[in-house]
Amino acid sequence: MNCLGPQTSDQPQTTSSMGSEDSALVAAVLRKDRKATAEFVARYADDLYRYVRSRLAPRYDQVDDLVQEVFLAAWEKLNHYRGTGPLQAWVMGIARHKVEDHYRARLRAPESIEDADQEPSSPASVSDFHQLLEQDELRKNTWRVMGGLPEQYRLALIWRYWEKASAREMALKTGKTEKGIERLLARARAEFRERWDHGQSS
Amino acid sequence: MANLPDEEFMERISDAVELTESESAPARLKAKVYSALMLRLAETGPLMSLSETNARGHKLCVFEELVRIAPVGEGAKSLNICRLCHARVLAEQIENAPIYWNGCSYVDLKNS
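Chains as they are written, first to last, in numbering that gives the first Met the number 0: chain A, 0 to 201; chain B, 0 to 111.
Honestly, the hints are just simulated from the structure, not real lab data.
Keep in mind that a hint or two might mislead.
To be verified - Taking lysine to any residue pairs in the SDA-like style, the calculated list, with each CA pair at most 20 Å apart, reads:
hint	chain 1	residue 1	chain 2	residue 2
1	A	K163	B	A15
2	A	K163	B	P4
3	B	K58	A	A23
4	A	K178	A	P109
Treat the numbers as computed from the prediction; the structure is a model and nothing was measured.
Model the full structure from these sequences, guided by the hints.
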């Protein structure tokens with residue numbers, strides 16, 4: 000689907016041609032060109048969907064609403080797009096903010112998870128890490144464990160370890176104290192670990 | 000691995016495992032998003048008229064083409080006529096909607 004006219008050459012697209020194509024698409028959407036708007040959706044829906052889905056898994060019931068919110072927010076801010084970078088990266092940046100907003104709202108909600116005493120694990124050898132589990136098994140286990148975690152734990156872990164947010168950033172965005180976030184993360188890690196170990200032994 | 004501290008354990012898991020999904024967005028979702036965007040566009044003023052849309056080289060569906068050639072003002076040609084179309088309803092409700100019109104945005108989204 001390309002609403003922006005035929006390609007003029009068979010050459011691979013250069014960064015500047017992609018940039019001008021992005022700018023043309025943005026200009027057309029801002030002029031309320033309905034076909035360009037469909038092109039905008041078609042171009043980014045799959046990437047946005049995969050990203051949002053991976054960050055909300057396994058609570059897929061809210062994925063569609065969040066994807067739609069991302070598109071509406073992107074459209075509202077489209078006149079701020081300056082064309083200095085790929086439109087895709089710009090749209091994905093909005094998606095990251097929306098996912099963060101979602102995490103923030105969920106983590107601000109009163110915790111429904113009982114506190115657990117923390118028993119720090121003893122440090123030990125890590126040299127056998129990659130030998131113990133194959134990549135595929137590692138991935139499957141991660142999804143399995145994530146899928147069973149309480150939502151607040153899961154979102155906190157993804158935000159901290161996959162989105163690489165610091166505890167301080169998370170605290171600022173949720174209105175909680177840094178200590179509170181650290182405690183939440185500690186409980187989430189312990190729960191993750193327990194479920195992981197349980198899965199290994201069963 | 001079994002004896003790693005929890006913090007390091009999580010660091011290693013997140014470094015080793017990318018939480019990615021391979022599924023494409025459902026066609027129904029694309030249709031709903033497009034409808035929501037069109038609604039928002041229409042709320043803030045007239046859409047680009049079908050005459051201009053056509054002049055810019057876009058294909059129009061049979062219904063849009065009928066409106067484009069109809070003896071009505073540009074105002075009527077700038078309405079969000081997809082709002083009234085059964086293709087939109089089908090596309091939003093059915094994953095593999097039985098819609099096949101050439102130039103229909105919902106068909107294009109279904110095939111994207």
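- Message: Tell me the numbers of any earlier hints that the structure contravenes, in ascending order.
- Response: none
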